[in-house]
Each structure stands twice: as C-alpha cells, then as structure tokens.
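> Chains as they are written, first to last, in the numbering used here: chain A, 1 to 431; chain B, 1 to 431; chain C, 1 to 431; chain D, 1 to 431.
If you are wondering where the hints come from, they were derived from the structure by calculation, not from laboratory data. Yeah, the Cβ is synthetic: ideal placement off N, Cα and C, and Gly gets one too. You may find that some hints are simply not true.
[Said to hold, decoys possible] Per the computed footprint, the stretches of chain D lying under chain B, defined by three or more beta-carbons under 8 angstroms from a beta-carbon of chain B, are: (1) 71-82; (2) 268-275; (3) 303-315; (4) 349-360; (5) 413-425.
There are 4 protein chains.
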Amino acid sequence: MTDFFKDISPLAYAPGSADLAFRHYNPDEVIAGKRMEDHLRFGVAYWHSFAWPGGDPFGAETFQRPWFGDTMDLAKMKADVAFEMFDLLNVPFFCWHDADIRPEGDSFAESLRNFEEIIDYFGTKMQTSKTKLLWGTANLFSHRRFMSGAATNPDPEIFAWSAATVKACMDATHKLGGENYVLWGGREGYETLLNTDLKRERQQAGRFLQMAVEYKHKIGFKGAILVEPKPQEPSKHQYDFDVATVYGFLKEFGLEGEVQMNIEQGHAILAGHSFEHELALASSLGIFGSIDMNRNDYQSGWDTDQFPNNAPEVALAYYEVLKAGGFTTGGTNFDSKLRRQSLDPVDLIAAHAGAMDVCARGFKAAHAMLEDGTLEEMRNARYAGWDSAGGKTLLDSDLATIAAQVASDPIDPQPRSGRQEILENIVNRFV
Amino acid sequence: MTDFFKDISPLAYAPGSADLAFRHYNPDEVIAGKRMEDHLRFGVAYWHSFAWPGGDPFGAETFQRPWFGDTMDLAKMKADVAFEMFDLLNVPFFCWHDADIRPEGDSFAESLRNFEEIIDYFGTKMQTSKTKLLWGTANLFSHRRFMSGAATNPDPEIFAWSAATVKACMDATHKLGGENYVLWGGREGYETLLNTDLKRERQQAGRFLQMAVEYKHKIGFKGAILVEPKPQEPSKHQYDFDVATVYGFLKEFGLEGEVQMNIEQGHAILAGHSFEHELALASSLGIFGSIDMNRNDYQSGWDTDQFPNNAPEVALAYYEVLKAGGFTTGGTNFDSKLRRQSLDPVDLIAAHAGAMDVCARGFKAAHAMLEDGTLEEMRNARYAGWDSAGGKTLLDSDLATIAAQVASDPIDPQPRSGRQEILENIVNRFV
Amino acid sequence: MTDFFKDISPLAYAPGSADLAFRHYNPDEVIAGKRMEDHLRFGVAYWHSFAWPGGDPFGAETFQRPWFGDTMDLAKMKADVAFEMFDLLNVPFFCWHDADIRPEGDSFAESLRNFEEIIDYFGTKMQTSKTKLLWGTANLFSHRRFMSGAATNPDPEIFAWSAATVKACMDATHKLGGENYVLWGGREGYETLLNTDLKRERQQAGRFLQMAVEYKHKIGFKGAILVEPKPQEPSKHQYDFDVATVYGFLKEFGLEGEVQMNIEQGHAILAGHSFEHELALASSLGIFGSIDMNRNDYQSGWDTDQFPNNAPEVALAYYEVLKAGGFTTGGTNFDSKLRRQSLDPVDLIAAHAGAMDVCARGFKAAHAMLEDGTLEEMRNARYAGWDSAGGKTLLDSDLATIAAQVASDPIDPQPRSGRQEILENIVNRFV
Amino acid sequence: MTDFFKDISPLAYAPGSADLAFRHYNPDEVIAGKRMEDHLRFGVAYWHSFAWPGGDPFGAETFQRPWFGDTMDLAKMKADVAFEMFDLLNVPFFCWHDADIRPEGDSFAESLRNFEEIIDYFGTKMQTSKTKLLWGTANLFSHRRFMSGAATNPDPEIFAWSAATVKACMDATHKLGGENYVLWGGREGYETLLNTDLKRERQQAGRFLQMAVEYKHKIGFKGAILVEPKPQEPSKHQYDFDVATVYGFLKEFGLEGEVQMNIEQGHAILAGHSFEHELALASSLGIFGSIDMNRNDYQSGWDTDQFPNNAPEVALAYYEVLKAGGFTTGGTNFDSKLRRQSLDPVDLIAAHAGAMDVCARGFKAAHAMLEDGTLEEMRNARYAGWDSAGGKTLLDSDLATIAAQVASDPIDPQPRSGRQEILENIVNRFV
C-alpha cells in the first residue's frame with residue numbers, strides 16, 4: 001500500500017450524505033434486470049489521472065506526483081496508486097496508453113521491454129482486483145517522432161514504428177483480457193494542406209486500420225476495435241473528424257462491419273455536434289461501441305476534458321445508449337482530467353465520484369424516460385404516415401410516377417407542430 | 001429593355017482603371033491553352049441577386065426592387081433585369097431555384113404552370129444571350145410546408161410534393177441545356193433529436209437522391225448531379241454536413257459514382273473546415289464537381305454569403321480546383337448576396353465585378369504556382385520514402401511482420417521539418 | 001374572449017402531474033420570507049410570442065396567427081390573446097416593443113397615434129389583469145430606415161426619428177406604470193469598418209443614452225433604465241458587446257449611476273461568456289438590473305432564443321441573482337421564441353410553463369445552496385490571507401517597498417488546490 | 001559566434017528573388033517622409049523564438065535547441081543566437097519575458113541574480129547591435145505558483161512575489177532603454193466562478209496596475225505602460241478580455257491617461273473581433289499603443305500564434321495604425337511561434353522574413369489607400385449630414401424638443417446604400 005490516498009476510505013453509497021460518498025451510484029441496484037455497475041461499466045483513464053502532469057500551453061507541471069519520473073520503480077508505484085484508486089472507487093474498468101504506464105526507453109526494444117514488464121505487473125495486480133481492462137491503446141502522438149503523423153507520416157519508418165507499437169499494445173490488451181482495443185489518431189491529420197498529400201495519407205490510414213483488424217483476427221482477440229473520432233487538436237484537421245466521417249472511411253476501406261466508435265462528448269462538441277447526435281448517428285449506422293464521458297467547456301474552443309457535471313445532458317446521452325441496446329463490450333470511460341489547480345489526492349477521488357453520480361442520475365432518468373414511453377410514442381406517431389400503405393410504397397416509386405400521382409390526385413400537405421418544447425418539458429419530468 | 005441598370009454600361013477589361021470595369025478578369029486571355037472564361041465559368045445566382053429582399057432575422061425587406069411581387073408580369077420583369085445584368089457582366093452562366101423565378105401558385109399545378117411559363121421565357125431569352133444555365137435546383141425549404149424537411153419529412157405527402165418538384169426542376173434544367181442539377185437540403189436535418197427518427201430520415205434522403213439519379217438517366221440528362229453540403233442553418237443539424245459526411249452517405253446508398261459535390265466556401269467554414277480542405281478532400285475522393293464562391297464572415301456564426309474579396313484565400317481554392325483537373329460541368333457560382341444596406345443597382349454590378357476580379361487574380365496566382373512547380377516538388381519530396389522499394393511494400397505487409405522487422409533491424413526515425421512557413425512564403429510570391 | 005386558447009385552462013400547481021401544469025413553480029410558496037412570484041417576477045415578451053411570424057433566413061412565416069396583419073382591429077385581437085395568455089400562465093409581468101403592438105403607419109404621426117391607442121387599450125385591460133409592465137422599449141432595428149443604425153445612423157434625421165420614438169415609448173412605459181425602460185441597439189454597430197466612423201457613432205450613442213436618462217428624470221419616471229448588451233447579430237459588431245463593454249461606455253459618458261444591465265443568457269453565450277459570468281460581473285460593478293432567460297443553442301452560432309430547459313444552468317444564474325440581492329425593478333423575462341415548427345396554441349403555453357418550472361427549480365436550488373453556505377465558506381476561506389493584517393496593507397503598498405520586503409524576508413508561496421470538482425459536486429447536491 | 005545559423009547570410013532586399021531575402025521590406029525606403037524601418041518598427045519575441053520548446057497539449061518538445069537547459073551558460077548561448085538572428089534579419093527591436101532569458105533559481109533572490117546577469121549581458125551585446133528593446137515583461141503565468149493568478153491570486157504572498165518581479169522587470173527595461181513595458185495577465189482570470197471572488201480579484205488587478213504606473217513615474221521611465229488584452233486561454237476567462245473591457249477597467253481605476261493597448265491579432269480573433277476593430281476602437285478611445293502581429297487559425301479555437309501571411313488582412317490593420325498616427329513608442333512585434341514541425345534554423349529565419357514582407361506589403365498598400373483618399377472621402381460623405389447646422393445642434397438637444405420638431409416638421413428619412421462591396425473593391429485596388 002502506498003500512502004497517497006492515506007486519509008481516504010473506500011466510497012460507500014450514502015444518498016443523503018455530504019461526505020465523500022456516492023449519492024446516486026449504487027452498483028448493485030438492479031435496473032431493468034441488470035446491476036447498475038453492469039449497465040454503466042465505468043472506466044478510469046490512466047492517461048489523465050496518473051500520467052498528465054497538469055501542464056497547459058502557458059504553464060508547466062502543477063501536480064508533482066511522487067511517481068513522476070522515468071524509472072520502472074516509479075512506473076510500478078504509479079500502478080500501485082492507480083489500483084488503490086480503482087479500489088476506493090470500486091470501478092469495474094480501467095484503460096491505458098502504452099506511454100502512460102511505462103517509461104520511454106532509448107530504443108523501441110527497450111520501450112517494449114518496459115511495457116511488457118508493466119503489463120505483467122498489471123496482470124498480477126488484476127488477479128486480486130475486480131478492475132478489468134476496458135481497453136488498451138497506443139500513444140502515437142506525444143513523442144516528437146510522431147509530430148507529422150503515425151500511420152499517415154510522410155516517413156514510412158514511422159509507419160513501421162507505429163505498426164509495431166500497435167501490435168505490442170494489441171498483444172498486451174489481449175493478454176490482460178481487455179474488452180476493446182482503441183485507436184485515436186491525434187496526429188493523423190495535418191497542420192497545412194500545403195505540405196500534405198491528403199489522398200496518400202488517407203490510404204495509409206486506411207491500410208493501417210485494416211492491419212489492426214487483420215491482426216485482431218489472427219490472434220483471436222474477441223474484443224471490439226474502436227476508433228475515436230476527433231475533429232482537430234492537436235492537428236489543425238484530423239482525418240477521423242466525427243462519426244459520419246469515420247463511417248465513410250470505414251465504407252471506403254471495407255471495414256464497416258469490423259470497427260465501432262468510441263465517442264467522446266468533448267470531441268462531439270469540437271466537431272459542432274451534440275454528444276447525443278454522435279451517439280444516435282453511430283447507433284443508426286450500426287457502429288456504436290463505447291463512450292468517453294468527458295465534456296468540453298462550451299466557451300472554450302479546445303479540448304478541456306472536464307468531468308461531467310450536468311445530469312440533464314448526461315441523461316440525453318444515456319437515452320441514446322439505451323436505445324442502441326446499451327453497452328456490450330463498451331463502457332463509460334472518463335477520459336477526464338482534473339483542472340490543473342486541483343492538486344490534492346482527494347480532488348482525484350472526488351472528481352470521479354461526482355462524475356459517477358452524475359452518470360448514475362442521468363442513466364436512471366434515461367431509463368425512466370424509456371420506460372415511460374411517451375417520448376417514443378410521440379416520435380413514432382410523428383412518422384405514422386410512413387407506416388401506412390401509401391407511405392410504405394412511396395420509397396419504392398420513382399420521380400415520374402410520383403409526379404403523375406401529384407398531378408392526378410392533388411395534395412396540399414399541411415405542416416404539423418414539431419412539439420419541441422413539449423418534448424423538452426417531458427424530459428424535464430425525468431431529469 | 002428595363003431601365004433598372006440605366007446608367008451602367010457593359011463592363012470592359014481595363015486594368016488600370018478606377019471605374020466600374022474589370023481590372024483582372026479578361027475572359028479572352030488564354031492561360032494554359034484555355035480562355036479565362038472557360039476556366040472560371042462564372043455563374044450568377046438568381047436567388048440572392050434577384051429574389052432575396054434584403055431581410056434578416058431582425059429586419060424586413062430593404063431592397064424594394066420594382067419586380068417584387070407575385071404576378072407573372074413581375075416575374076418576367078425580373079427575368080429581363082437578370083439577363084440585362086448577365087449581359088453587363090458578360091457572364092457565361094446563371095443558376096436558379098424554381099421559387100426564385102416564378103410566383104408560388106395556389107396549388108402544385110398552378111405553381112408548375114407558372115414555372116414552366118418562365119422556363120419557356122428563359123428559353124427564348126437564352127436564344128439571344130451567351131449566358132447558359134450552370135444548374136437548376138428546387139427550393140424545398142422556404143415554404144412552410146417544408147418546415148420539417150422535404151425528403152426527410154415525417155409526412156410522406158411532403159416527400160411526394162418534393163419528388164414531383166424535383167422532377168419538374170430536372171425537366172426544366174434538361175430543357176434549358178443546364179450542365180448540372182443541384183440538391184441542397186437546408187431542411188433535411190433536425191431541430192431536436194427528441195422528435196427525430198434519424199435512421200428513417202436518412203433512409204428517406206438516400207432513396208430520394210437515388211430517385212433523382214435514376215430520373216437523370218431516364219430522361220438522358222448528361223449533366224452532373226451535385227449535392228451541396230452544409231452543416232446547419234436553417235436546421236440545427238443537416239444530414240449533408242460536409243464533404244466527408246456526404247461521401248459516407250453516397251457509399252451507403254451506392255451513389256458514389258453518380259453524384260458530385262457543389263462546395264461553398266461559407267459552408268466549409270461553418271463546418272469547421274477551410275474551403276481548400278473541402279475541395280482537396282472531394283478531389284481525393286473523386287467527387288469534386290462545382291463551387292459556390294461566397295465567403296462567410298470569420299467573426300459571424302451564420303451564413304453571411306458575402307462576395308469573395310480576399311485574393312490569397314481564393315488562390316488556394318483555385319489551386320485545389322486546378323490540381324483536380326479544373327472544372328468539367330462545374331463552374332464558379334456566386335451564391336453571394338449583397339449586404340442588405342447595398343441598395344443601389346450599381347452595388348449589384350460592382351459586387352459581381354469585384355468578385356470576378358478577385359477570382360481572376362486568385363486563379364492566375366494558382367496557375368502560376370502550379371506552373372512554377374516548387375510546391376508540388378516539395379510535397380512529393382516529403383513523401384519520397386513511400387516511393388522507395390521498402391515504402392511500397394510496407395502497405396502490403398502486416399503488423400506481425402512489421403514488428404518482427406523492427407525487432408530484427410532496429411530503426412530510430414527522426415522527424416523532419418514540415419516547412420510550413422517556407423511554403424507559405426512561396427505562396428506569397430504568387431498571390 | 002377570443003377562442004385562440006379555447007381548450008386550455010389556467011395552469012395549476014400540480015407537482016406530480018403529467019398534464020399541462022406547473023410541477024415546480026408555486027407562486028405563493030414563501031422562500032426566505034418572500035413569495036416565489038415576487039422573487040422570480042416572470043415576464044412574457046410580446047415580441048416573440050405574438051409578433052414573430054416564425055420566419056428564418058431560409059423560410060417564411062409558419063405561424064399564421066389570426067391577428068397577423070396591419071389593422072388596429074387585429075392589433076387589439078393580438079392584445080386580447082396576449083392578456084388571455086398572461087392569465088392562463090398567471091404571470092405578473094409582460095414587455096413590449098412599440099412595433100410589436102401597433103401597426104406601422106404611413107408617417108411618424110400615424111404610427112404614434114396607433115401606438116397611443118394600443119397603450120390606452122392596454123391600460124384598460126391592465127385594470128382587470130394582475131399582469132403589469134416589466135418594461136417597454138422601442139424597436140429601432142426592424143424597419144429599413146434603421147438598416148444603418150438608429151442613434152448611430154450616418155443620417156441625423158434617423159437619430160431624430162429614433163429620439164422621438166424613444167420619447168413616445170418612455171411616455172407610454174411611464175403611463176402604464178412600467179418598472180423599467182430598456183434599450184437594445186441591434187443596429188447600433190456596423191457591417192464593415194470601411195464605411196464606419198466608429199468614434200462618431202459611439203459619441204452619438206452616448207449622447208442618445210444621456211438624453212434617455214435626462215428624459216426619465218424630466219418626466220419623473222422612477223423605473224430603471226436598462227441597456228441590453230449583445231455582441232452581434234444583426235450587426236456584424238454591436239457597440240453594446242457585453243457587460244464589460246457597456247460598463248466602459250457608461251463610465252465614458254458619465255452614466256454608470258444611471259443605467260443598469262438587462263442580461264440575456266443567449267447574448268452572453270454569443271459574446272463568449274457564461275450567463276453567470278455576465279451576472280456576476282454586472283453585480284460586482286453595481287449595474288445589475290434584470291434578465292432575459294432565453295438560451296442559445298451551444299452548437300449554433302446565432303441567436304436561437306430558446307426557452308430555458310436546463311435546470312442546473314439556470315440554478316447557477318439565480319445563484320448570482322440572489323448574491324446580487326435579488327431583483328428590485330428587474331425580473332425574469334422570457335425573450336424566447338417558439339421553434340418555428342411549434343405551430344399550435346398549446347405549444348405557446350407549454351413552452352412558457354416548462355420554462356417557468358425550470359426557473360423555479362433553479363431558483364429553489366440556488367436558494368438552498370446559499371442557505372447551506374458551504375460554497376461561500378469555501379470561497380471566503382480561499383481568500384482568507386487577504387483579510388489578515390499583512391494582506392490588508394499590501395494593496396496600500398508600492399512595488400519598491402514590496403520588493404524590499406521580498407528581498408529581506410524571503411517567501412516561497414505554494415499553490416493550493418482550487419477544488420473545482422469538489423465545488424461542482426456540492427452544486428450537484430442541490431440541482 | 002555560435003554556429004546555429006551557420007549557413008545563413010544576412011537577408012538582403014532582393015525583390016525578384018526566390019532565395020531567402022526580402023522581396024517587399026526595404027528598411028531604407030522612404031514612405032511619407034519616414035524610412036520603412038521607422039514606420040514598421042519590427043520586433044522579435046524572445047519567448048516564442050528562443051524559449052518555446054515546440055510542445056502542445058498532446059506532445060512534448062520537438063525543437064531540441066542546443067541552448068535548452070537551466071544553466072547560465074546556456075542562457076548566454078541563447079542570447080548569442082538571438083542577437084545573431086536579430087542581425088541576420090536586421091530588426092530594430094526585440095522583446096522578452098524574464099523567464100525567457102534566465103534560468104529559474106531556487107529562490108526569488110537567485111532568479112533575480114540570474115536575471116540581472118543576463119540583463120547586463122544584453123546590455124553589452126546591445127552596445128554593438130542595432131537592435132533595441134521594444135518592451136520587457138514579466139512571466140507571471142508559467143510557474144505553478146501562478147496557477148491561480150498573479151495579482152489576482154487568492155494568496156497575497158503571490159501578489160507580493162508578482163509585484164517584486166514586475167519591479168525587477170521594469171528596472172531592467174528602463175536600464176536597457178526599453179520603449180515600453182507590457183503586462184499580459186494570462187492567469188488573471190478564473191477557471192470556475194464557483195471558487196472566485198470576481199470583485200476582489202478585479203480590485204487586486206486594478207491596484208497592481210496602479211502600482212506599476214506609480215513605479216514608472218518614480219523611476220523616471222519614459223516609455224509607455226501597455227496592457228495586452230486576451231479573452232481566455234490559459235484561463236477560462238481573463239479579466240483583460242478585449243480593448244473595450246480594458247478601457248472600462250482603466251476608467252474604473254483612473255488609469256486611462258496612463259496605460260495603452262498592445263493589441264494582438266490572434267487575441268482579437270479569440271475575443272470575437274477583427275484585428276482592425278480592436279485597433280480602431282483603441283485609437284478612437286485614445287489608448288492605442290503597439291501590436292503583436294501574429295494571427296490565429298480561423299478554424300482553431302485556441303491561440304495558434306502563427307506568423308502573418310495574408311497581406312490584405314495586414315493592410316487593413318496598418319490602415320488603422322496609420323489613421324491613428326502610426327507608432328510612437330510601439331511597434332510591430334511578432335509574438336509568433338514556428339509550427340512545431342518547423343525544426344530547422346532556416347525555418348526560424350524564413351518565418352520572420354516572410355512575415356516582415358507580408359507586413360511591408362500591407363503597410364505600403366495601407367499608405368497608398370490613405371494617400372489616394374477615396375475611402376476617407378466616402379466615409380466622410382456618408383456622415384456629412386452631421387456636419388450641417390442641423391446635425392451639429394441635434395446632439396445638444398433633448399428628447400422632448402426633438403419629438404416636438406418631428407411632430408411639427410414631419411420627416412421621412414430614406415436609407416442610403418452603405419456601399420460595402422464598392423468599398424471592398426477599392427481596397428482590392430491597393431492590396
């Protein structure tokens with residue numbers, strides 16, 4: 001046991017409490033035949049919670065964690081603290097990038113040895129922990145070698161480095177029983193079109209993703225391959241802009257049955273969408289997978305990765321998740337970072353606890369709305385004409401036939417109220 | 001002859017002049033073996049130039065044109081003035097929505113009769129005019145019947161109305177020898193997900209577009225079918241968000257060989273892209289068609305549709321057009337509107353003339369950059385590794401093989417300068 | 001009685017109901033010694049609810065209200081319906097622009113006669129209604145004569161027209177016992193700096209506002225003069241950008257003791273601020289007056305003026321209102337418009353009812369947070385150093401003295417956690 | 001001599017050249033009686049060019065400059081390289097933050113000793129260099145002690161540390177003959193209102209700025225005190241949001257005659273303004289001082305600090321500078337950073353050279369437009385009514401009098417064209 005969280009006890013479900021406890025999240029509460037833990041499938045992100053130093057473009061590290069540094073001993077202390085936090089929060093899942101968990105070596109081989117040693121260390125810890133691996137991923141964006149891209153780099157050696165790295169991370173994810181493997185391409189984009197061969201880079205990215213899918217099948221990994229869309233930052237423009245863009249990309253490279261989406265609230269907002277839009281679209285296209293439940297600030301134009309705190313917004317997101325059938329391999333990951341002024345260990349615990357509560361409230365409201373059924377009844381009623389005999393055949397017709405019908409049998413269709421405010425009021429009865 | 005432009009003479013090419021004249025656009029100047037007119041293929045939009053009254057969300061009509069009103073005589077006066085402007089500007093093309101050119105009738109049939117009469121009136125005028133039809137399109141968004149969508153309306157009767165309208169507009173475009181037919185779906189989106197069946201509406205939109213393509217072939221229309229992406233406004237969210245979104249849509253509905261993009265600078269900006277990004281992406285996907293060269297204000301979050309005035313920006317756009325092989329059926333349409341304070345007839349002429357000059361400057365700079373070749377040499381040199389033997393085979397390999405190579409034959413790839421500022425300086429030698 | 005709301009009964013407070021009723025707003029419930037109605041002071045905006053036809057930049061009127069038209073009889077029918085709605089909703093206040101309530105005449109004099117007749121009609125209706133006038137204002141932006149500004153117009157005649165209009169509106173507000181008079185300068189800005197004399201226009205605007213203040217005193221109007229900031233739209237740039245900008249303007253023209261702010265959530269968002277920021281800033285500068293509680297869509301870059309529907313956000317706003325001492329002459333006005341698809345009379349009622357409920361929830365949460373006191377204790381504790389002896393004298397010192405102290409008595413101040421997530425969790429216990 | 005720029009020669013003015021040279025900037029060319037160098041007064045920012053490592057929120061250092069590190073020897077090597085670059089570019093000015101030029105010590109005293117030693121080193125170098133100090137400033141935002149603000153910190157000890165730092169920086173600026181002293185308050189704002197006492201923090205900021213002004217007079221510094229507005233980033237909200245906000249702040253604290261603005265293009269854009277708006281506003285308020293000529297990307301929501309590359313935009317900025325009378329103590333500073341992929345020494349030189357050329361083009365165009373006079377004639381003509389007898393007396397009148405005149409002597413003012421497109425065409429004749 002480290003002493004990092006020394007004054008903090010495991011969090012209990014204590015609805016009325018003002019202490020550090022869950023007021024809404026009760027993992028064992030059964031909703032629609034399933035425990036809340038199994039619905040929400042919370043994950044902690046190693047990345048922001050244990051690896052991020054608190055820097056921003058105008059300031060350096062603020063956190064000064066005892067495990068910051070480049071040795072294997074420190075990497076193991078970091079792992080110890082992480083699993084202590086997983087226990088305090090009683091979360092079923094965690095996630096990592098390779099670079100979060102091991103020190104960078106002087107060569108690919110040394111980085112790989114460091115990584116594999118930590119993966120084994122995780123393996124041992126996971127034998128006595130309830131916390132499982134939601135997903136692993138490769139950090140192909142922080143080191144300067146990736147500054148011009150990983151798979152989309154103008155230098156094929158960096159493609160090779162990236163491919164070898166993804167292989168190692170997929171192997172490790174498989175070994176630890178991970179439920180998904182994620183790819184986020186923060187540098188798979190460009191800073192200026194003037195030096196970019198867009199077509200070539202998209203081909204490289206497509207082939208890289210095919211390779212990951214092929215390798216999944218080769219090693220018998222049963223989890224899902226997830227792509228996480230983001231429109232920009234750090235790149236000026238990223239090829240995985242949003243769900244619709246990635247869908248076209250998957251279709252182009254024949255991958256639409258193989259790859260699902262890991263959708264982040266903050267990335268949706270950066271792309272000009274609501275979170276629920278991205279969820280509904282992925283669901284309608286059959287590519288919904290998992291979520292990162294971290295919001296951006298609506299007044300900031302960059303990725304602030306804040307813990308969620310607005311229950312009505314979260315309810316609308318879980319409503320789409322539930323309509324999509326809920327999570328299978330996916331879950332609710334917090335790719336959230338503390339504000340850089342939140343220095344204390346208790347801040348880290350409280351931030352997650354508050355977020356889990358907000359999600360639990362949102363989820364329960366979403367479930368109640370769906371159970372109530374009014375929203376779906378009203379939605380279906382709006383489209384009822386399409387379920388009539390005439391509606392059904394219309395889509396099989398053609399312009400000339402329809403035009404002839406309109407000519408011979410004049411229509412004068414009248415608009416009907418869209419009922420937006422009434423629907424919003426209905427939502428407000430549940431959130 | 002109307003007297004609307006009574007004090008204005010046809011515009012001459014007069015490079016040094018401070019008068020109302022072209023200083024850069026010289027239609028007969030030959031560049032790379034083609035007349036400038038045939039490269040740029042300018043089009044005037046009936047919509048903004050003759051139909052828009054100058055209103056905005058906080059104010060009513062400002063323009064008080066003598067042809068405003070609902071009679072056929074006024075519609076013909078509008079056509080007379082329009083063709084007089086085409087002559088003054090010596091533009092090779094114009095474009096229309098059905099609703100721009102004819103009064104709305106009390107029924108579909110009456111609207112259609114009005115429309116067909118004006119199409120015939122156009123046909124007569126075009127016999128003595130050089131100005132041809134770049135494209136026609138149907139306005140399926142202004143009338144209140146379309147408030148909840150056209151093809152994507154919850155009411156199948158409105159789908160039928162829309163289909164019959166598109167048929168009529170395609171017939172008219174074909175009859176007038178139009179070179180393209182455009183679909184822009186301003187209401188094909190939603191105001192709130194709460195009342196929207198996203199999946200159903202996308203299916204309706206997909207089928208509608210298929211019907212248009214089928215009808216094109218049925219009537220032997222040889223022009224291109226163009227879709228014009230826009231992310232939002234008037235809808236909160238539009239299904240044709242941007243080029244990448246439409247590409248996925250075309251793949252889903254098997255239309256990628258049948259439909260091309262009409263890309264508007266302002267819509268690109270609203271979607272979070274640069275104009276040149278959208279052009280380069282469409283070109284790399286093989287779906288580039290035509291452009292609307294009207295900019296949005298970078299400080300305004302809505303569609304301002306201003307005439308272009310920044311030659312360096314325009315140069316980057318034409319650079320992508322030229323790299324895509326230039327226009328075939330497409331052209332440079334100004335879907336631009338006068339500022340609502342620009343009341344006078346001369347404002348309408350001067351706005352187009354200035355825009356044509358800005359485009360001519362941009363085009364000439366783009367051509368010179370391509371001719372010079374430095375930009376493309378530097379771009380190609382950056383990716384040279386991929387043209388080597390090792391680079392070529394890499395994409396045919398797989399993760400395990402690549403990882404084994406990295407292990408047996410260690411690499412340490414070093415980043416190389418992306419040269420952005422130097423490339424921007426090169427551009428500045430030409431613009 | 002008109003029959004516009006014929007099937008709708010006055011709304012009751014019925015917490016558990018799924019019907020058209022208040023579930024949270026109970027006007028007579030006493031909180032902190034004051035009735036909820038007297039805390040919240042709801043107002044209905046004539047403008048959006050009765051005068052707006054449902055148009056947008058791409059579409060025409062959708063609402064087709066029976067009172068639309070230009071006659072005095074229709075204006076009176078509109079007033080009848082409005083007061084019927086005030087009664088159904090049991091709201092204590094309403095607001096108007098002159099142009100909302102009377103038909104435009106062919107001359108200033110005729111418009112004024114129309115206006116005065118309606119004001120008298122209002123006066124009669126108000127004798128038997130509980131609904132009072134929160135504020136009146138002049139519409140100096142819709143008519144084409146104001147296209148280049150009202151007070152800031154390049155044409156002094158339009159300044160004169162505007163001044164005479166404001167006089168009439170202030171007289172009418174005074175006559176009806178209005179509690180405030182509002183100025184919003186939607187056209188007091190510019191479309192392009194190229195034709196604008198910024199300095200001159202700001203002087204005109206300053207003098208105009210002084211005239212309004214002088215006239216208030218001349219006629220003995222005891223209400224507040226309120227300015228409503230907005231950054232842009234319809235203008236590209238408006239002189240009353242935000243609270244901080246208006247504060248500087250008031251200081252420049254010696255008006256900071258005379259004018260307060262009417263702050264709108266949507267305008268705050270357009271200006272890049274949170275609503276609570278604008279409220280807190282106005283309060284700290286002593287210029288807080290009233291609010292317009294209509295939100296903008298976070299994904300749309302224009303003024304969507306939607307009814308509020310997010311209770312946690314609304315709670316943070318009322319928290320600032322309560323910290324500022326609550327409303328005096330001000331209130332909670334809904335400058336909200338129905339979505340243009342919400343065609344039915346019941347939509348109008350339900351939209352207001354839902355918004356009033358959201359406000360009531362937010363207000364009660366805000367009051368509970370303030371009562372609880374934890375947030376303010378934590379805030380005060382954070383600044384406790386400034387209340388120590390050393391802290392107090394520091395601001396009276398000077399750079400040289402402080403530098404000498406730092407040299408002679410070295411310090412090494414350590415950062416302390418800002419506790420953002422914990423504070424957000426506290427808020428979530430109440431919302 | 002270091003060998004950092006070993007292959008690069010001093011840049012010559014060589015208009016037709018494709019080499020590394022100036023094609024537009026000719027320092028000795030006389031325009032309106034003054035050398036171009038004396039008009040433009042270019043400055044190089046030590047901060048971005050020599051201290052920034054090339055990191056971003058998702059990636060670490062890319063540049064690996066030989067002077068990176070924490071020793072005084074490296075700090076001197078950095079100074080040597082910087083002055084070599086000043087010579088190559090032949091720039092008349094440079095700027096620094098204290099933290100750019102000296103290693104942080106273990107105490108305030110040690111940091112101060114390091115700083116003073118480098119200042120002396122600069123002093124020696126400046127004896128043989130033409131490059132003078134445009135301004136100095138204190139970095140009160142990067143170190144973790146400033147994470148919650150400098151002057152506005154909840155901890156008075158950090159106020160004291162900041163005050164002592166500013167004293168040292170003002171002393172050094174004075175000693176080196178600096179022409180201005182700048183304050184930018186990147187952390188003078190907040191992350192969340194929940195932990196912020198806005199009123200108290202603004203008082204602290206106001207007093208801090210007063211202290212700086214008082215100290216300027218005490219030591220006889222003749223340069224200007226400049227405040228650099230920015231709306232946000234790194235703070236969620238910064239108190240110095242924009243020019244209008246700072247003006248109100250100066251009025252509140254009695255500083256409007258003492259402090260001027262240092263306006264940055266990118267900050268203007270982040271605040272929702274055009275650069276020329278901020279310049280015109282500062283000029284009209286009498287507080288224009290200096291500029292940072294670095295642009296933001298219009299598609300990115302954060303501070304990208306790119307070198308300027310769009311001559312027409314730059315021309316509009318210098319037009320406002322010239323209308324304000326040109327620079328006195330101020331100048332054109334490039335607070336620009338290389339893209340993090342621009343690794344090579346030549347990138348640093350080329351970026352500045354290209355930017356200087358763009359500014360020279362813009363400046364010459366601005367001067368020509370002003371000389372031509374058409375724009376100003378048209379602007380003045382637009383307001384001519386205000387220079388008539390009636391216009392002049394109108395502002396001295398009052399609402400009642402004006403209303404009486406409008407009643408007795410009816411007016412019907414007609415809108416006149418704002419001529420925006422024609423004005424834009426005129427600009428395009430010069431840029």
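> Run through the hints listed earlier and report the numbers of any the structure violates, in increasing order.
1
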